[in-house]
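Colleague: Got chain A sorted already, so can you dock chain B onto it with the hints?
Sequence order for the protein chains is A and B.
When you line the first sequence up against our numbering, it's residues 49 to 324, in that order.
When you line the second sequence up against our numbering, it's residues 2 to 244, in that order.
If you're looking for bench data, these hints aren't it; they were derived computationally from the structure.
Think of the CB as a built atom: it goes at the ideal place given N, C-alpha and C, for glycine as much as any other residue.
Any given hint could turn out to be false.
[What the hints assert, rightly or not] Here are the in silico distance ranges between beta carbons for each label pair:
1) Leu142(A) <-> Pro218(B): 54 to 60 angstroms
2) Glu187(A) <-> Gly69(B): 50 to 56 angstroms
3) Lys191(B) <-> Ala317(A): 43 to 49 angstroms
4) Ala303(A) <-> Arg141(B): 33 to 39 angstroms
5) Pro66(B) <-> Ala204(A): 28 to 34 angstroms
6) Asn50(B) <-> Ala114(A): 57 to 63 angstroms
7) His172(B) <-> Gly274(A): 29 to 35 angstroms
8) Val198(A) <-> Arg193(B): 40 to 46 angstroms
9) Val198(A) <-> Pro175(B): 51 to 57 angstroms
10) Gly274(A) <-> Arg111(B): 22 to 28 angstroms
11) Val198(A) <-> Arg25(B): 39 to 45 angstroms
12) Ala317(A) <-> Arg25(B): 47 to 53 angstroms
13) Pro218(B) <-> Leu165(A): 44 to 50 angstroms
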Amino acid sequence: MREISFWEAAFLWRDPLIAASLGAVLCALVGVFVVLRRSAFVGAAVGQASSLGVVLALLAPHVLGASVPPLFAGLATGAISAALFGLSGRKGRLGVDAAIALAYVIAGGAALLLGTLLPHEYEEVHGLLFGDAVSAPIEEIVALAACLVVVVVAFAAFFPRIVFASFDPETAQGMGLAVGRTNALLYFLLGLSIAVSTRALGALTVFALTVIPAAGGLLACRCLPGVFAWAIGAALVAAVGGYYLSFVWELPTGATIVVALAVTLGFAAGIGRFRR
Amino acid sequence: MSIPQGTASPHVHLRLRGALVGHRRDAPLFPPFDFELCAGEWLLVAGPNGSGKSSFVLSLMGALPLVGGVREVGTPGLRFGYVPQRPSLDPIWPLSTLDVVRMGGAPWHRPFRRDASLTHRSLELLDEVGLGGLADRPFRALSGGQKQRALIARALVGGAEVLVLDEPANHLDPIGERALLDTLAALHAKHRPSIVWISHRLDGLLHRADRIAFLDPSGVRVGPPDRLRTEGVLDAFLGEGAA
Chain A
49 MREISFWEAA FLWRDPLIAA SLGAVLCALV GVFVVLRRSA FVGAAVGQAS SLGVVLALLA
109 PHVLGASVPP LFAGLATGAI SAALFGLSGR KGRLGVDAAI ALAYVIAGGA ALLLGTLLPH
169 EYEEVHGLLF GDAVSAPIEE IVALAACLVV VVVAFAAFFP RIVFASFDPE TAQGMGLAVG
229 RTNALLYFLL GLSIAVSTRA LGALTVFALT VIPAAGGLLA CRCLPGVFAW AIGAALVAAV
289 GGYYLSFVWE LPTGATIVVA LAVTLGFAAG IGRFRR
Chain B
2 MSIPQGTASP HVHLRLRGAL VGHRRDAPLF PPFDFELCAG EWLLVAGPNG SGKSSFVLSL
62 MGALPLVGGV REVGTPGLRF GYVPQRPSLD PIWPLSTLDV VRMGGAPWHR PFRRDASLTH
122 RSLELLDEVG LGGLADRPFR ALSGGQKQRA LIARALVGGA EVLVLDEPAN HLDPIGERAL
182 LDTLAALHAK HRPSIVWISH RLDGLLHRAD RIAFLDPSGV RVGPPDRLRT EGVLDAFLGE
242 GAA
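So that you can see chain A by itself, here it is in the shape it has in the complex (with noise of 0.2 angstroms):
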């Protein structure tokens, strides 16, 4: 029988492919603002948070009598949390380093903990909370659309205030600029961006997503406005490219894009050495 060319399958791999561009965009933008205020860990803590959020939402029509979409109930813990961490690095006395690892370890032990009581839904919580990048139903590539559009909104209006509040909080506070509003509202999008491309990309590639690409730009370009376009160019290159070569090669999709990435920063590292 003779195989189907990749071009032939494209059918196949159309949706996904979009859903891993999206994901890949929305990540890179939201990483340098991760990298740049050394919260690389919050990609993780996310994820936890988010599916102590969709254990929760399974438990409820058991506990409650009443229905929480699960997918939402894993949006909001995912990206609440993120802004509370946000706010802990001003309000409270730990810092956000803390915050992150303390949230990552209190929720993915809840949610290990609370999943034992719902042993005929392990699947469906395996598959909301780390989908594997192979398929893409409409409304994964809807909320992903949805979220890049909110970010890049967000970000033109308000990018100016985000940069001074991330670089500089001390003088952006004592200038009138409101840096917990603005820090909750970053790490908001940073929450909901990482909820909704998990739940499309799966964790250990938006994990990837959201630090290598802009570790790369830092490596590679000397402004901040090369540091996003690197960052963008190089998570689409990595998302598009490890998945034509995971189709090809028959590789797994997440891990291959996660390698293709660290081709970039490799690149990046031997541009960024050769301008030095």
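Modeller: The following block gives chain B in isolation, referenced to the frame of chain A:
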């Protein structure tokens, strides 16, 4: 500028009445006090270490709400420029000196609006603080004194009527401190902001100040340097160094 005695009152940017500064109403840093910040004056905020100078100034700026009393703003939309004591600016950020100065417009940035004149004003201010040729240089590559001057330019670029400097000369040698004072004097002459200079020492600064706000746990005492010296308020301080 000196505050004229017996002539028309200068414009008051800000007025505190019965003010209590601190984090708890039952444990204020000073007894209740009244205070006015006048347009164009050079105010030295002095006092021993830990006397609450930064809290006093943050309350003036509105960044630390009073725990008692009233804060009245006499200039609608009053803008503060701020130069922190020890700016913890992460060198990972790929920002040019111009980028950092432009940042000073952010608190008044209107969503989706581009302030076309911001870059022009930033370049002008960089010239005025003596960094005219360094606009494109990475901020992280500047020396400590150059960074300090760039941050002063940033504090003024948004059109601040009040420039607050928190111990700006702490990490400068005497030559650097004199250069900083000269730069500030030139900026003051041109833009006429009120300057609020926080310091835990007075040497080299008394002749620059129009007034001193001297803080210690017994209270906030405000007046021209000569009067506070005559009244002996500064004796303990001046005993530690030359005025």
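Colleague: Look at each hint and say if it fits the structure.
Modeller: Results of checking the hints against the structure:
no.	hint	in the structure
1	Leu142(A) <-> Pro218(B): 54 to 60 angstroms	31 angstroms, violated
2	Glu187(A) <-> Gly69(B): 50 to 56 angstroms	55 angstroms, holds
3	Lys191(B) <-> Ala317(A): 43 to 49 angstroms	46 angstroms, holds
4	Ala303(A) <-> Arg141(B): 33 to 39 angstroms	36 angstroms, holds
5	Pro66(B) <-> Ala204(A): 28 to 34 angstroms	32 angstroms, holds
6	Asn50(B) <-> Ala114(A): 57 to 63 angstroms	59 angstroms, holds
7	His172(B) <-> Gly274(A): 29 to 35 angstroms	31 angstroms, holds
8	Val198(A) <-> Arg193(B): 40 to 46 angstroms	43 angstroms, holds
9	Val198(A) <-> Pro175(B): 51 to 57 angstroms	53 angstroms, holds
10	Gly274(A) <-> Arg111(B): 22 to 28 angstroms	26 angstroms, holds
11	Val198(A) <-> Arg25(B): 39 to 45 angstroms	40 angstroms, holds
12	Ala317(A) <-> Arg25(B): 47 to 53 angstroms	52 angstroms, holds
13	Pro218(B) <-> Leu165(A): 44 to 50 angstroms	58 angstroms, violated
Consistency with the previously given hints fails for numbers 1, 13, ordered from lowest to highest.
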